[in-house]
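There are 2 protein chains.
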Amino acid sequence: MRVLYAQSGGVTSVINASAYGVLDEARKAGMEVFVGIHGVTGILKEHLLKINDMDIEGLKYTPAGAFGSCRRKMKTQEDISKLFDVIEKYKIEYFFYNGGNDSMDTAWRIAQEAKTRGFPLKVIGVPKTIDNDLPYTDHCPGYGSAAKYIAISIMEASLDLRSMYVDSTRVFVMEIMGRHAGWLVAAAGLGWLNGIGADIILFPEVYFNKEKFLERVDEIIRKKGYCSIAVSEGIRYPDGFFVSDMGYTDSFGNRQLGGVGFTIAGMIRSELSLKTHVAIPDYLQRSGRHIASKTDIEEAEMVGRTAVRLALSGVTGVMITIERKSNNPYTVEYGTVELNKVADQTKYLPEEFHDDFEITENFVEYAKPLIEGELFPQFRNGLPKYTIFREVEEQ
Amino acid sequence: MRVLYAQSGGVTSVINASAYGVLDEARKAGMEVFVGIHGVTGILKEHLLKINDMDIEGLKYTPAGAFGSCRRKMKTQEDISKLFDVIEKYKIEYFFYNGGNDSMDTAWRIAQEAKTRGFPLKVIGVPKTIDNDLPYTDHCPGYGSAAKYIAISIMEASLDLRSMYVDSTRVFVMEIMGRHAGWLVAAAGLGWLNGIGADIILFPEVYFNKEKFLERVDEIIRKKGYCSIAVSEGIRYPDGFFVSDMGYTDSFGNRQLGGVGFTIAGMIRSELSLKTHVAIPDYLQRSGRHIASKTDIEEAEMVGRTAVRLALSGVTGVMITIERKSNNPYTVEYGTVELNKVADQTKYLPEEFHDDFEITENFVEYAKPLIEGELFPQFRNGLPKYTIFREVEEQ
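Here the protein sequences line up with chains V and E, keeping their order.
Sequential numbering of the first sequence, starting at -18, is according to this note's numbering.
Sequential numbering of the second sequence, starting at -18, is according to this note's numbering.
A hint or two may mislead.
Keeping only pairs whose Cα atoms sit at most 25 Å apart, straight-line, the calculated SDA-like set for lysine to any residue is [claimed, not checked]:
hint, chain 1, residue 1, chain 2, residue 2
1, E, LYS205, V, LEU29
2, V, LYS205, E, LYS256
3, E, LYS328, E, THR317
4, V, LYS256, E, LYS205
5, E, LYS204, V, ARG371
6, E, LYS256, V, ARG371
7, E, LYS349, V, PHE357
8, E, LYS26, V, ASN175
9, E, LYS366, V, LYS256
Reference listing, derived: stretches of chain V covered by chain E, where coverage requires no fewer than 3 residues with Cβ under 8 Å from a Cβ of chain E [to be verified]:
hint, stretch
10, -9 to 3
11, 42 to 51
12, 88 to 98
Derived by calculation from the structure, the hints in this document are not laboratory data.
A virtual CB, placed ideally from N, CA and C, is assigned to each residue, including glycine.
Model the full structure from these sequences, guided by the hints.
Written out as structure tokens, the structure is:
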């Protein structure tokens, strides 16, 4: 029995823990296990790596896509046919695609093609996204760790700001990923559980109102002397325009955003005459494995293992979901949802999780278990020992 | 016997470990221990905190200035006189000022004033700076932890980039602090000890040559498909102009820099047509206590303790230095240097530590012991438990 696994879309600090779950579970079940290098891009080129004899334990501790990812969408029948030809050629019976919304769409098309061809391929989607915007699952592997990174980073930066404000920087602005949904930026408020966090959060779900925002900054400055702000890269004006648009589109036609932190800081400097500092963690927030959430790592691995177990029992055409069973103690079960339901959907931060500038107690309840626990990588030379497969660089 | 301690200048993730060293040592010696809130700014307002009965153990694990810092320079006799009046009023016999170059200048002026007034005040400077640019000391407390944060962050981001480059981002640019000296940006190369790090480093000590730089990026892209770049905020053109000047000056007349990462990325996009990502960790790199270096933390504490011990033995007018005795095993001793020698001096990254775009083996030898070891904070709710004294916010 042959298994094919591949990674797709923007990576996370725990996607390799899912890889470990899939690969270890499949290997233990006696299967021949292949990995497509750089997702469907590598599969199309028959760039497959057989992992049965490889040491893959380190994947649990390594961020980003250890086998390479890709952003390639498979929207045409021609694409799907070519991909399937490789799957047939290698006699693959189980395909696990580890990604976000777009990847679930690809997985769904492959499952459909298997039906059409009458080929006994089981296809299961393994979710990952720091954005946490996949529907039908309580949350996504990758989110908890990014949320933890963001929460800790703004706690630390706010302590720094608090040291400096009497005669230097008064306002710190941190720009957070998440173009459409405010799950990540919301995490900037979690630090208040331990005494310090973002004073103001700008969610993509709330239209940006410059006047109201500057009033709030001014109010906080008058009250405590300094103000730390977390801003989503995706905030928009009521007319729908992004507050900071980089002025060009990427290869998928998405507008490139960036620098909204500087835009916001510029408003504060010019309108309130306060000294500002701006941080843009960018990739750091999604690859910060050194401070990943233990809950997230364990769930990422279990989502992978569950995918293999269900596929072996005959399930196909679904994505694995996480269902929260209770909060105290925090327990989850793993379920499934049809791939085509997930594809191209976005789950926004619900209204009960945020106000205009702050998170609510409901969000804290939701997010707290997801950032719980640490599972530090091993260190050598004062730096994490990450697993780096050189095969990824053979183009 | 009364002791006064205060923090000054840009903070670090281990300055509070020095505070702990000073305060604990002084307290154990039976002294009455006061802290000036927000450095000399608080002292001038007689905003002093007596810490003898306070729980200060958490300082070892808490980043930034737990007692508040300030950027105020004391350049006039009037300033010094006012400050000294407070010192006399409170019958302070020992003054420990924890800061960088400017703070050592202030400490020196206070020591001079004590002589002039014939007042038996011992003054000792306790060094701190992430920039590592103080002379007469092998390195500064604060540097090792910031270096470790930078090395790990660019390792992780480079792994991310390496996952994505086949059809998405090809170049990752991380902007690093350090206006004049390249110590911090150099740390971006340390990840190669464990297999991945910055491909190109732009040092403030090397004039920026756009053509040569773009050639190097192109060469690396051709060779391995992606390129990660660490750029110092302080890089300049041969005419002395900063590559990215924010267009205004701060309250000390220093030009405000920022966004050089975007400038560099813009060049790459427009000249090489490659997709880029930019990270600007800003305060995160100097407050990232969650991943601080154990070596750095322990030295920060020892520098504080040494200051108290020497002051008790009658020493005054000096800053504590760290003298490296051997690299294998790494051992140090603590020494002293006259305060006036340190004031307003900058130690640049020496030529044997870097080439045009890379660090040398000599730098690796130098920096490796400084980032060694971890001493994680305690966690609660999935977040670090930091010590936050509310007194700092009483203005």
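Checked hints:
1. E:LYS205 / V:LEU29: holds (19 Å)
2. V:LYS205 / E:LYS256: Violated. V:LYS205 to E:LYS256 sits at ~41 Å, over the 25 Å cutoff.
3. E:LYS328 / E:THR317: Between E:LYS328 and E:THR317 the Cα gap is close to 17 Å, so the pair holds against 25 Å.
4. V:LYS256 / E:LYS205: violated (41 Å)
5. E:LYS204 / V:ARG371: OK: E:LYS204 and V:ARG371 at ~14 Å, within 25 Å.
6. E:LYS256 / V:ARG371: It holds: about 23 Å lies between the C-alpha atoms, which stays within 25 Å.
7. E:LYS349 / V:PHE357: Status holds; Cα separation ~20 Å.
8. E:LYS26 / V:ASN175: violated (30 Å)
9. E:LYS366 / V:LYS256: violated (28 Å)
10. -9 to 3: Since three or more residues must qualify, the claim that chain E covers the stretch -9 to 3 of chain V holds, with 3 doing so at under 8 Å.
11. 42 to 51: holds (count 8)
12. 88 to 98: violated (count 0)
Hint violations for this structure: numbers 2, 4, 8, 9 and 12, all remaining hints satisfied.
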